[in-house]
Structure formats: structure tokens, C-alpha cells
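Asks: Residue strings, one per chain:
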Amino acid sequence: MTTNGGPPLLEVEGLVTRYPVPRGVVGALARQPQRWVHAVAGVSFRLRRGEMLALVGESGCGKTTTAQSVLRLVDADAGAIRFDGTDITALGSGDLRGLRRRMQIIYQDPYESLDPRFRVRTTLEEPLDVHGIGSKVERRREAEEALRLTGLDPPELFLDRYPHELSGGQRQRVAIAASLVLHPDLLIADEPVSMLDVSVRAGILGILDDLRRRGLGILMITHDLSTAARYADRIAVMYLGRIVEHGPAREVVTNPQHPYTQALLSVVPKRDPRLRQRPEILRGETPNPVDVPVGCRFHPRCPIAIPECRTIDPELREPTDARAGHLAACIRA
Amino acid sequence: MSVLDVQDLHVWFDLERGGELHAVQGVTFELAAGERFGLVGESGCGKTTTILALMGLLPASASVSGRVLLDGEDMLAQGERTVAPHRWRDVAMVFQGAMNAFNPVKRIGEQIAEPMELHGIAEGRAARRQVGALLERVGIPAERAERFPHEFSGGMRQRAAIAMALACKPKVLLADEPTTALDVMVQAQILELLVALADDFGLALVLVTHDLPIVAQVCERAAVMYAGEIVESGPTDALYHAPRHPYTRLLFAATPDLYGEEEVVSIPGAPPRLDRPIVGCPFRPRCDRAFGRCVDDRPALKPVTAAQDAACHLNDVPQEVPA
Numbered sequence: 000m001t002t003n004g005g006p007p008l009l010e011v012e013g014l015v016t017r018y019p020v021p022r023g024v025v026g027a028l029a030r031q032p033q034r035w036v037h038a039v040a041g042v043s044f045r046l047r048r049g050e051m052l053a054l055v056g057e058s059g060c061g062k063t064t065t066a067q068s069v070l071r072l073v074d075a076d077a078g079a080i081r082f083d084g085t086d087i088t089a090l091g092s093g094d095l096r097g098l099r100r101r102m103q104i105i106y107q108d109p110y111e112s113l114d115p116r117f118r119v120r121t122t123l124e125e126p127l128d129v130h131g132i133g134s135k136v137e138r139r140r141e142a143e144e145a146l147r148l149t150g151l152d153p154p155e156l157f158l159d160r161y162p163h164e165l166s167g168g169q170r171q172r173v174a175i176a177a178s179l180v181l182h183p184d185l186l187i188a189d190e191p192v193s194m195l196d197v198s199v200r201a202g203i204l205g206i207l208d209d210l211r212r213r214g215l216g217i218l219m220i221t222h223d224l225s226t227a228a229r230y231a232d233r234i235a236v237m238y239l240g241r242i243v244e245h246g247p248a249r250e251v252v253t254n255p256q257h258p259y260t261q262a263l264l265s266v267v268p269k270r271d272p273r274l275r276q277r278p279e280i281l282r283g284e285t286p287n288p289v290d291v292p293v294g295c296r297f298h299p300r301c302p303i304a305i306p307e308c309r310t311i312d313p314e315l316r317e318p319t320d321a322r323a324g325h326l327a328a329c330i331r332a
Numbered sequence: 000m001s002v003l004d005v006q007d008l009h010v011w012f013d014l015e016r017g018g019e020l021h022a023v024q025g026v027t028f029e030l031a032a033g034e035r036f037g038l039v040g041e042s043g044c045g046k047t048t049t050i051l052a053l054m055g056l057l058p059a060s061a062s063v064s065g066r067v068l069l070d071g072e073d074m075l076a077q078g079e080r081t082v083a084p085h086r087w088r089d090v091a092m093v094f095q096g097a098m099n100a101f102n103p104v105k106r107i108g109e110q111i112a113e114p115m116e117l118h119g120i121a122e123g124r125a126a127r128r129q130v131g132a133l134l135e136r137v138g139i140p141a142e143r144a145e146r147f148p149h150e151f152s153g154g155m156r157q158r159a160a161i162a163m164a165l166a167c168k169p170k171v172l173l174a175d176e177p178t179t180a181l182d183v184m185v186q187a188q189i190l191e192l193l194v195a196l197a198d199d200f201g202l203a204l205v206l207v208t209h210d211l212p213i214v215a216q217v218c219e220r221a222a223v224m225y226a227g228e229i230v231e232s233g234p235t236d237a238l239y240h241a242p243r244h245p246y247t248r249l250l251f252a253a254t255p256d257l258y259g260e261e262e263v264v265s266i267p268g269a270p271p272r273l274d275r276p277i278v279g280c281p282f283r284p285r286c287d288r289a290f291g292r293c294v295d296d297r298p299a300l301k302p303v304t305a306a307q308d309a310a311c312h313l314n315d316v317p318q319e320v321p322a
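Going line by line, the protein sequences match chains B and H. Residue numbering for the first sequence follows numbering that gives the first Met the number 0, starting at 0 and increasing by one per position. Residue numbering for the second sequence follows numbering that gives the first Met the number 0, starting at 0 and increasing by one per position.
Hints in this document: simulated from the structure, not taken from any laboratory. Here the structure is a predicted model, which means the values were calculated and not measured. Backbone N, C-alpha and C fix where the C-beta goes; we use that ideal spot for every residue, glycine too. Certain hints may be false.
[As the list claims (entries may be wrong)] Restraint-style ranges between C-beta atoms, simulated for each label pair:
{"id": "1", "chain 1": "H", "residue 1": "G18", "chain 2": "B", "residue 2": "P21", "range": "18 to 26 Å"}
{"id": "2", "chain 1": "H", "residue 1": "S64", "chain 2": "B", "residue 2": "R213", "range": "25 to 33 Å"}
{"id": "3", "chain 1": "H", "residue 1": "P103", "chain 2": "B", "residue 2": "A29", "range": "53 to 61 Å"}
[What the hints assert, rightly or not] Straight-line alpha carbon distances no greater than 16 Å define the calculated EDC-like cross-link-like pairs of lysine to aspartate or glutamate that follow:
{"id": "4", "chain 1": "B", "residue 1": "K269", "chain 2": "H", "residue 2": "E261"}
{"id": "5", "chain 1": "H", "residue 1": "K170", "chain 2": "H", "residue 2": "D13"}
{"id": "6", "chain 1": "H", "residue 1": "K170", "chain 2": "H", "residue 2": "D256"}
{"id": "7", "chain 1": "H", "residue 1": "K170", "chain 2": "H", "residue 2": "D198"}
{"id": "8", "chain 1": "H", "residue 1": "K105", "chain 2": "H", "residue 2": "D70"}
{"id": "9", "chain 1": "H", "residue 1": "K170", "chain 2": "H", "residue 2": "E34"}
{"id": "10", "chain 1": "H", "residue 1": "K170", "chain 2": "H", "residue 2": "E29"}
{"id": "11", "chain 1": "B", "residue 1": "K269", "chain 2": "H", "residue 2": "D315"}
{"id": "12", "chain 1": "B", "residue 1": "K269", "chain 2": "H", "residue 2": "E219"}
{"id": "13", "chain 1": "B", "residue 1": "K269", "chain 2": "B", "residue 2": "E284"}
{"id": "14", "chain 1": "B", "residue 1": "K269", "chain 2": "H", "residue 2": "E191"}
{"id": "15", "chain 1": "B", "residue 1": "K269", "chain 2": "H", "residue 2": "D198"}
{"id": "16", "chain 1": "B", "residue 1": "K269", "chain 2": "H", "residue 2": "D236"}
{"id": "17", "chain 1": "H", "residue 1": "K301", "chain 2": "H", "residue 2": "D315"}
{"id": "18", "chain 1": "B", "residue 1": "K269", "chain 2": "H", "residue 2": "D89"}
[Unchecked claim] In silico negatives: residues of chain H with every beta carbon more than 10 Å from chain B:
{"id": "19", "residue": "T27"}
{"id": "20", "residue": "G78"}
{"id": "21", "residue": "R127"}
{"id": "22", "residue": "I213"}
{"id": "23", "residue": "A269"}
{"id": "24", "residue": "P276"}
{"id": "25", "residue": "D296"}
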């Protein structure tokens with residue numbers, strides 16, 4: 000678990016990102032007030048070089064929007080995103096260009112992220128071409144090195160293949176290799192193994208672990224708590240646009256402080272049939288981020304809510320039962 | 000007596016470029032009324048093809064052999080003629096993408112009533128009343144029968160799909176990755192519902208999934224499939240604590256566990272192609288325990304304990320067999 004000194008690679012502070020809800024013609028004519036999807040509603044975290052942070056939560060919790068905001072694929076409405084000490088929240092497209100080289104993302108579906116018409120060689124050399132980096136020979140060498148880093152060794156076996164000639168696991172390796180040729184500092188991995196067969200997942204996660212050891216900061220977005228527990232240094236659990244619990248991965252999993260985290264952990268199926276515990280199943284579905292409950296946003300589904308929870312919007316703080324650096328947003332924790 | 004008895008099931012697909020793909024290669028299992036049985040494996044192992052064959056829902060390019068006894072009667076004896084009376088009536092299915100199970104332009108209630116009308120179980124007002132009761136049973140307010148599929152969330156659609164599968168009170172429910180597209184909390188709700196229904200209706204449940212922990216939590220027994228065949232079957236407890244096929248052991252070891260401390264393994268290589276004959280053990284190229292005999296002698300699935308079957312030569316090596 001490397002956590003070296005210096006400023007964090009990525010620092011997100013009070014991030015708010017919202018989308019307008021389409022009103023339709025009737026709504027606009029009737030001058031209905033504009034409504035918003037509060038996708039990210041005040042998220043703060045730091046990521047250091049050589050560290051993997053997992054953003055965990057169910058669909059609609061804002062984990063993907065958080066990542067898109069960091070990459071400046073969507074604009075934040077409030078808050079600050081600092082990358083390597085520089086505030087990038089308001090950078091124009093010209094300044095962003097140089098920055099984008101240093102932040103890369105890999106997606107869930109390796110079948111969609113690779114262009115089926117391109118050989119592996121082209122996929123890997125294109126980013127270098129676009130940024131005008133290196134000579135032909137140097138680009139070739141970068142491509143080969145990236146393939147080796149992702150376990151596609153010897154590279155000559157793979158350079159001339161098309162995506163359809165690769166297995167799902169090999170495609171995801173090529174997608175990771177393509178993100179590495181520009182030597183990024185930050186890698187965002189959005190559900191990197193959820194489309195892959197179980198038997199090849201550890202191979203992909205092992206590569207990410209290896210890159211982390213080499214000093215990359217990795218922000219992993221996942222719904223899979225077991226994977227987060229096993230591979231991430233820290234876990235941030237999101238619910239309706241907020242981080243509700245945040246701490247060292249093992250701490251969060253073994254000593255969860257927020258009732259939402261506790262419920263989530265209780266429903267994760269365990270491998271051992273003898274460990275059939277009574278899951279604490281929350282009823283209903285996550286409320287939609289247009290009508291966020293007042294007070295604690297989790298209170299309508301919370302098994303331990305008290306009247307105060309309807310009025311107090313709890314902040315992340317260190318509960319008394321938790322170790323240093325382990326935070327939860329719950330007045331009862 | 001078993002309610003469903005699948006004997007030596009084979010499925011071949013004709014390939015457009017010529018030749019055949021032998022997708023299911025001699026699958027045998029049986030299940031008792033009220034039993035929850037898992038069919039586990041990775042993509043392409045033949046698990047979905049197996050249950051589509053049981054439903055008689057394979058495309059025209061498929062040919063099937065073997066016997067599927069429902070209460071002792073062979074559903075496959077004369078193809079569609081003998082399957083059709085049982086489809087939805089005795090054997091029903093829940094699909095992975097619940098959206099695809101429904102016609103987008105028809106109300107949910109009408110669609111759930113369809114199999115009832117088809118099999119002459121109920122019509123008109125009686126059917127509507129039964130649909131309402133079914134919806135309530137799966138946790139959907141009865142008045143939602145008037146809604147269209149797109150007005151339901153993913154979890155609600157899966158509940159509705161389960162209600163539709165139960166419309167004719169079947170004996171066997173085949174669930175193909177019923178929670179794969181769902182969030183973990185909704186997944187827990189759906190699994191809890193399936194278990195409760197299996198208990199209440201005395202349903203035999205076949206849960207098809209790639210997700211071993213789900214099977215470990217829901218099923219009493221399971222079969223692990225690889226390259227079109229069952230390589231091991233038995234109580235889920237034995238599969239986890241005393242696997243007798245290396246693939247079963249490695250598949251569990253490849254699955255990260257919330258509290259597991261040990262290394263998560265990946266299984267190198269890929270499954271064999273099924274469009275050419277398999278020589279020797281299909282798992283041999285990826286196996287960490289393969290030996291000479293595995294090269295050209297294909298192991299058969301056979302009993303290794305009173306309750307457990309495995310297709311692995313290691314079980315013939317005395318020092319390998321646990322006491």
C-alpha cells in the first residue's frame with residue numbers, strides 16, 4: 000500500500016454535477032420550473048500516486064458521473080478538481096488537451112471500446128500519432144512495451160491481430176495497453192472486469208494492481224464490493240450522489256459504520272455455502288436523484304433512522320468506533 | 000421420484016460455413032420437486048443451451064438428442080409435438096434480460112395472461128384476477144397490470160417476468176442469469192423471492208449463472224459445466240469445501256470473496272473450440288494437475304462420493320482421493 004508524500008495526484012473537493020431533466024414542449028410552455036438530476040451532490044476525495052481508490056455503489060449513485068467530471072467529459076457545477084496541484088475545473092479545451100494525455104480511462108466493455116477495423120498495432124499507435132509523439136520506430140517500441148505490461152507477450156503475436164481475433168480478456172488487455180502508451184499518471188477503470196469471464200478477471204485486476212505498484216493512481220469504479228475489498232487500498236461507498244462512507248478497504252468491509260454500507264455488505268453473496276447469513280435486504284429501489292430526500296438522503300430506507308435523520312444532512316466524519324481515516328456520514332455512527 | 004430427469008442431452012448447431020458445433024455434450028442431471036439446483040459455468044459452456052433445449056426453444060439450426068423425463072414422460076420424444084404441451088405449463092423460464100421477455104407494446108397484465116389462455120387455465124375476468132394475485136405474490140401492486148414494460152424498473156420487470164413464468168403453476172422453473180443485469184440490493188430481493196416461491200409452490204428451480212457465490216447461497220446442489228459437459232456435480236457445500244475437479248476448485252479460487260485473504264487466481268488459456276472433436280480431457284490445457292492419461296483419455300462423469308460426481312482422472316489415483 001504505497002502512500003508516498005507530496006501533493007495528491009487527484010484532489011476532488013465539494014464536487015457537484017447535475018443534469019437538467021428534459022421538460023418537454025408542454026412543460027416548457029407551461030413554464031414549469033427546471034428540475035435537475037443531482038448526479039453528484041458534494042463529493043470530496045483524494046487519490047495519491049501508487050494508490051487505488053474504489054468508488055462503489057449501485058447504479059445511479061453518481062460514481063460514473065464523478066469519473067466523467069474528473070476527466071472533464073462533463074462540466075462540474077460547483078467544487079474543485081485539482082490534478083497534480085493544478086485546478087482543472089475551469090480549464091479550456093486547449094489546456095485540457097495536454098492534460099488528457101495524463102488521465103486515461105478504460106471501460107467495462109472491451110468489445111465496444113476497440114475499433115473492429117483496426118489492428119492492435121493501429122489501436123496502440125494512434126494515440127501517439129494524434130499527439131505527435133515519437134518517430135515511427137519509437138511508436139512501435141511504445142506499443143510493444145505497453146503490450147508486455149499487460150501480459151500480451153511476445154507482442155509480435157498480437158500486433159497484427161484484429162479485435163475479433165482476440166478473447167474478451169485479451170481485448171481488455173489491449174484496451175489497457177492503449178491507455179498506457181501515453182504514460183498517464185491517472186487511470187480510471189470503469190467496471191473493468193464486469194463483462195469478463197470469472198476465470199480471466201484476476202488477470203486483468205492483477206495488471207491494474209501491477210500498474211498501481213509502478214506508481215499510477217487508479218480510480219476504480221465498481222458495483223462489486225468483493226473486488227474492491229480485494230484490490231483497492233481505499234473504498235468510498237456512494238449513495239445518491241454522496242460518499243456515505245470512506246476508508247481503508249479492509250476497514251470498510253470488516254467494520255462498516257454506515258447502515259447503507261452494512262446493508263450492501265450483507266447482501267453480497269459469499270462463496271462458502273456454510274456462510275449463509277441473513278441478508279439485511281433494503282426494500283424498494285434507490286430513490287431517483289431528482290427528488291433527493293431532505294435530511295439524511297438515506298433515511299427513508301434506513302433501518303436505524305431516528306427523527307433527527309429527517310432534518311440533519313450528516314457530514315462525513317470519523318465515528319468513535321472507527322480507526323483514523325475511516326469516515327461515515329451518519330449521525331448514529 | 001425426480002420431477003425432471005435429464006439423460007445424456009446433446010445439442011449440435013449447424014454452422015453457416017459448414018460443420019457443426021457440439022454445444023452440449025452429454026449432460027445428465029435430475030432434480031426433485033422443491034429442490035434448488037445450480038447450473039454454473041462461464042460463457043460458452045453450454046448452460047443456457049441446455050435449458051433452452053429443455054424448453055424446446057432452440058433455433059432451427061440445432062439438433063438435439065437425449066431424454067428429458069418430466070415425471071417419467073420423455074418431453075423430447077417427438078420434438079415440438081411433445082414439448083409444446085409442457086412449455087410454460089409444466090416447465091417455465093425466466094430470461095436474463097427481462098426487457099426481452101416482454102412485448103414492448105402490450106400491457107404487462109395481458110402478457111402474463113397469455114400462457115394461461117394458451118393452456119386453457121383461465122380466461123377473461125378469471126385470468127385477470129389470477130394475474131393480479133400473481134403480481135401481488137411477486138411484490139408488484141395488482142393495478143400495475145395495466146402498465147407497459149418500459150414503465151417498470153429493471154427489478155420490477157424481472158419480478159413481472161417471474162410472475163409470467165408462474166402463470167400456469169409449473170413444476171420446474173428455469174432461471175437464466177435472472178439477476179445478472181441488476182444491482183446487488185435488487186439482486187438480493189429477486190433471489191429471496193425465487194427461494195420463497197420455490198418453497199411455497201414446491202417448484203424445482205434450476206438457477207443458471209456464471210456467479211458461483213449466488214449458487215453457493217441459493218442452491219442445495221449444483222453442476223459445474225465446462226466445454227459443453229458437466230465436469231462436477233454435488234452438494235454446493237462439497238463443491239466448495241471438497242471439490243473433486245480442478246476446474247471447480249480454480250473457479251472458486253478465481254472468485255474474489257469479501258473477506259478472503261488468499262490470492263485470487265486466474266485460469267490461463269481459454270476453453271476448447273466446440274466445432275471440432277475434443278481429444279482427452281477438455282480442461283487439460285488449462286489444468287494445473289494434468290498428467291499423462293489426460294492427454295488422450297476423456298474422463299467420464301462418475302460418482303466419487305455418494306452425493307458427488309466428477310469427470311477427472313485424479314479421482315482414480317488412490318493418493319489423490321481424500322480419506
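Asks: If a hint holds in the structure, say so; if it does not, say that too.
Replies: Each hint tested on the structure:
no., hint, in the structure
1, H/G18 - B/P21: 18 to 26 Å, "violated, 51 Å"
2, H/S64 - B/R213: 25 to 33 Å, "violated, 54 Å"
3, H/P103 - B/A29: 53 to 61 Å, "violated, 29 Å"
4, B/K269 - H/E261, "holds, 15 Å"
5, H/K170 - H/D13, "violated, 32 Å"
6, H/K170 - H/D256, "violated, 34 Å"
7, H/K170 - H/D198, "holds, 12 Å"
8, H/K105 - H/D70, "violated, 34 Å"
9, H/K170 - H/E34, "holds, 11 Å"
10, H/K170 - H/E29, "holds, 13 Å"
11, B/K269 - H/D315, "violated, 31 Å"
12, B/K269 - H/E219, "holds, 14 Å"
13, B/K269 - B/E284, "violated, 23 Å"
14, B/K269 - H/E191, "holds, 15 Å"
15, B/K269 - H/D198, "violated, 22 Å"
16, B/K269 - H/D236, "holds, 12 Å"
17, H/K301 - H/D315, "holds, 11 Å"
18, B/K269 - H/D89, "violated, 32 Å"
19, T27, "holds, 23 Å"
20, G78, "holds, 33 Å"
21, R127, "holds, 26 Å"
22, I213, "violated, 5 Å"
23, A269, "violated, 5 Å"
24, P276, "holds, 22 Å"
25, D296, "holds, 24 Å"
In summary, the structure is inconsistent with hints 1, 2, 3, 5, 6, 8, 11, 13, 15, 18, 22, 23 from the numbered list given earlier, while agreeing with the others.
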